[in-house]
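Chemist: Now for the letters of each chain:
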Amino acid sequence: MDFKLTKEQEMLRKMYQEFAENEVKPLAADVDEEERFPAETVKKMAKLGMMGIYFPKEYGGAGADYLSYVMAVEEMSKVCATTGVVLSAHTSLCCNPIFDYGTEEQKKKYLPKLCSGEWLGAFGLTEPGAGTDAQGVQTTAVKNENGDWVLNGSKIFITNAGYANVFIIIAITGIVEKRGRKQKELSAFIVERTDKGFSVGKHEKKMGIRGSSTCELIFEDCVIPGDRMLGKQGKGFNEAMATLDGGRIGIASQALGIAEGAIDETIAYTKERVQFGRRISQQQNTQFQLADMYARTQAAKLLVYSAAMKKQNHEPFGVDAAMAKLVAAETASDVTRRCVQLFGGYGYTRDYPIERMMRDAKITEIYEGTSEVQRMVISGAIGVK
Amino acid sequence: MAFNSKDTAAFKGVWVFCEQRDGVILGTGYQLLSEGRKLADDLGVELCGVLLGSGVNEQFAKALGGYGADKVYVCDHPLLKDYTTDAYTKVLCDLVHEYKPEIFLIGATNIGRDLGPRVAARLHTGLTADCTHLDIDVEKYKAFLKTTSTIDVDNTKFEDTKNLKMTRPAFGGHLMATIVCPDYRPQMSTVRPGVMQTAPYNEETAARTQLVKVDVQLSESDIHVDLIEIKKSAKKLVDLIGADVVVSVGRGISKDPKRGIEIAEELANVLGGVVGASRAVVDAGLIGQDHQVGQTGKTVHPKIYVALGISGAIQHLAGMQDSEVIIAVNKNGSAPIFDAATYGIVGDLFKVGPMLTEAIAKYKAAKA
Amino acid sequence: MKIIVCVKQVPDTSGVVAVKEDGTMDRAAMATISNPDDMNALEAALQIKETNPDVKVVLVSMGPPPTESMLRECLARGADEAYLVSAREFGGADTWATSSTLTAAIEKIGVGEGDIVMCGRQAIDGDTAQVGPQIAEKLGLPQVTYVTAIDYKDGKLTVRRALEDGYMTIAVETPCVLTCIKELNNPRYMSVSGIMECYSKPYTVWDFEALKESKWISAVENVGLKGSPTQVYKSFSPPVKGKGTMMEGADKAACEQLVSILGEKHII
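Protein chains in written order, with this note's numbering: chain L, 1 to 385; chain E, 1001 to 1368; chain Y, 2001 to 2268.
Derived from the structure by calculation, the hints contain no laboratory data. Warning: the hint list may mix true and false statements.
As the list claims (entries may be wrong) - Below, computed lysine-lysine pairings styled on DSSO-like, alpha-carbon distance capped at 30 Å:
no.	chain 1	residue 1	chain 2	residue 2
1	E	Lys1006	Y	Lys2234
2	Y	Lys2201	L	Lys7
3	L	Lys178	L	Lys385
4	Y	Lys2201	E	Lys1081
5	L	Lys47	L	Lys107
6	L	Lys310	L	Lys113
Owing to the predicted nature of the structure, the values given are computational and were not obtained by experimental measurement.
Looking at chain L on its own, in the form it has when it is part of the complex (with noise of 0.2 Å):
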């Protein structure tokens, strides 16, 4: 086994930090207290070419690997955890799946325009009555006499919407019998923003990633053409599937981001301030409280950049990403929780970015599959029925 980082790696981790620190950093709190989507930041990021980081150049991505990928999202997500799903969502859940099952005609369309973060990506699976039960989906896509497809129905909390030009799109496409049990046959679609019949719709207020534009989209009679399913028909649920087992590593980098933020955070302030007469950093139980963090918070990074590795290198990932989201996703509630407690007063005010981190870490536990739906696939894996 090696842990160490390439060369490439090192330097790529240094950058993202200069970035997060100089350009995503001073604009957290504005986006977390406008609930303003950094749309600035999502250009500067184009610019050094992160919307497409682990996608080849004849693509238009950056050439580079899935941890550097990774990486990314978990050095934004240290500052702003807003800035960290934005990415995220972007690259796992839509370049992603184009890359994997669009066709060449597909890729060549869509790719370029995305990972030059021309076009930004957002994935469309849950519905009011769909979450974590994907066969509760209610949309429907139907075949025209033009060999058109026409979608019907509504998502919601779908990342990115309000920004986003591709949309990947879960939608019924047939019933079928399987082990004599009728079940809805589940493909997926590219849809664009400007597609006849689609908007998007309410716009949610949210506890955290307040900046993440999370909004409900609407389907009433949406024509696209018959070329926009993506991969097979009847595979969708599969597809999506998938497309979240790699969302996963992207969400656990971003907790695993806001945990180590928010650590780095209370190491300087706890240096800072003086209580007794002496820093607090000198109290034993800062000290004790903070070591625990630090190693819970690398075993998180062990287990995110084990299931990236693992992805990278295209061996089955499923678990492991599920393990790395479950614990990752718990470590950063959990850090931020005891962080706002060191701050004290001043964490639970809005002067310190530890009350937002608090608020940030929890969707982390929720979205691109709860920490139950987490326990299931993990228990399933290791035959406990």
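Given chain L, work out where chains E and Y should sit, using these hints.
Modeler: Just chains E and Y, lined up with the frame of chain L:
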């Protein structure tokens, strides 16, 4: 005879380049002459001012004597009206070739720092940049070290030489280095503006000063740049160096920079001073660079220096630690600024600043 | 056409500075960064390259072998190739000797018609601002220092040079040497693809042997410490001043007390 910078015995006298802009001699020239006088006396040699320009006012040239110049070389030529590296370098090098000074001091202005290295390279000699202290005499140098260094002077050996000892901050002010140039002449140094004190003007020495008109050899073809225009910045720049009171702001104002600067201005007003700033504040674009105090900004030694929300990074201390009285206000009681401060208040500048202004106003009103 | 950019890796003097017992800087114990002004020079070169695609940006640096990391970063920002001048013989150089060695390297790279040499105004470890002008003198090229704006069109170069109280606008012949300051531009970040490519770009290390034919070097006595006209006579640390008077509290009473002390001592 060919010029040979290694023939040290052939060089004699101390020279000061007296920079003029728009026909007005900069204060740095007077400061350097005042300092150069002491060096020349220690060596028992002449002090000469060197003045380049077009239509040079003889009264101005003569006045250099009032600050100690025995002789002033006046290089008057239409092509010397405004500074160009090519013209000034050629004229100065020609002059050095002819008269061979052993020491040549230049103010470390933006122009002096352009000219000095070019001249030193052409002459093949050493140049020490941005000096803050100069000595010839070893005993005087030792006395200087006693107050400014941690060296155990009495138990340290010093090479006894009449070489110019040029002291300058190094590594952002974390270290001081004294540099010599033993084997090449002239010994060149640029000196930071504001560091040396200007001596009182002396009418008698001014009257005695000898003006030497130099036959300048210069043609258009010597100059490879075309000076299109010189523009003064519209905003009046703050005169930090000349101020008796400087109230500076640091990173501590970042919570509300506008209000922070306002507080400093109010305090500066009541004390009759100007506003300075740390590098962090200038780099963040919160205030103009002309306000910057420190190693990379200006060196000040006002009567009162007030540091509001300045932690006291060594770069900053390098530019203000010789102030007569330093008053520091900082939230963090362990900030290094308190080690340099004469008086310290541990508190929030946003609260303490206005209270201080009020207290001073009250005190002054009571006295009036 | 090419733009040669001189860059230096320096200890980060803005952070914690390690001083050895003998009073010299403990460089090994300090973080290194790319010299800030040099990054403005590189950015200026890259901007000219953006509008003039035939421009090649060539880096040159003098320093120990770890300087490679900085040069790779500059390549990752978009420079085309890099030369590192590195040898024990070059160590301990003052600005005269440094500029001789760099001039030898630049002449070996070759300064052609229309080329530009760009440097940062000064390096933060020495703050001398001398190497740029001294390279210009030794190359026999015109110089403009303190450059805050560059206008490059059809091979014509017009720059703005900062004065303390304003600026000069100067048209300068090429080839020439410019030294740049931070007001000139905002240096770009490395890009992801730049980083992926930076290890496959041309990278050359020149030692003493490689450069000794130059008239600026010719013998080992002319470089490094031996070739330096200036020498360190003494180096020392400034003393720590005794702590002053700390006021009790930070309220109105404390302020008034301080003012009355200042009054008693005739400071105000």
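Chemist: Holds or violated: are the alpha carbons of Lys310/L and Lys113/L at most 30 Å from each other?
Modeler: 27 Å, holds
Chemist: Is Lys2201/Y close enough to Lys7/L, meaning Cα to Cα at most 30 Å?
Modeler: Measuring from Cα to Cα gives roughly 15 Å; hence the hint holds.
Chemist: Straight-line Cα separation of Lys178/L and Lys385/L no greater than 30 Å?
Modeler: 21 Å, holds
Chemist: Under the criterion that the straight-line Cα-Cα distance not exceed 30 Å, is the pair Lys47/L, Lys107/L satisfied?
Modeler: Cα-Cα ~21 Å, so holds.
Chemist: Tell me if the straight-line CA distance from Lys2201/Y to Lys1081/E falls inside 30 Å.
Modeler: 48 Å, violated
Chemist: Taken at face value, is the distance from the CA of Lys2234/Y to the CA of Lys1006/E at most 30 Å?
Modeler: 23 Å, holds
Checked against the numbered hints listed earlier, the structure breaks hint 4 alone; every other hint is satisfied.
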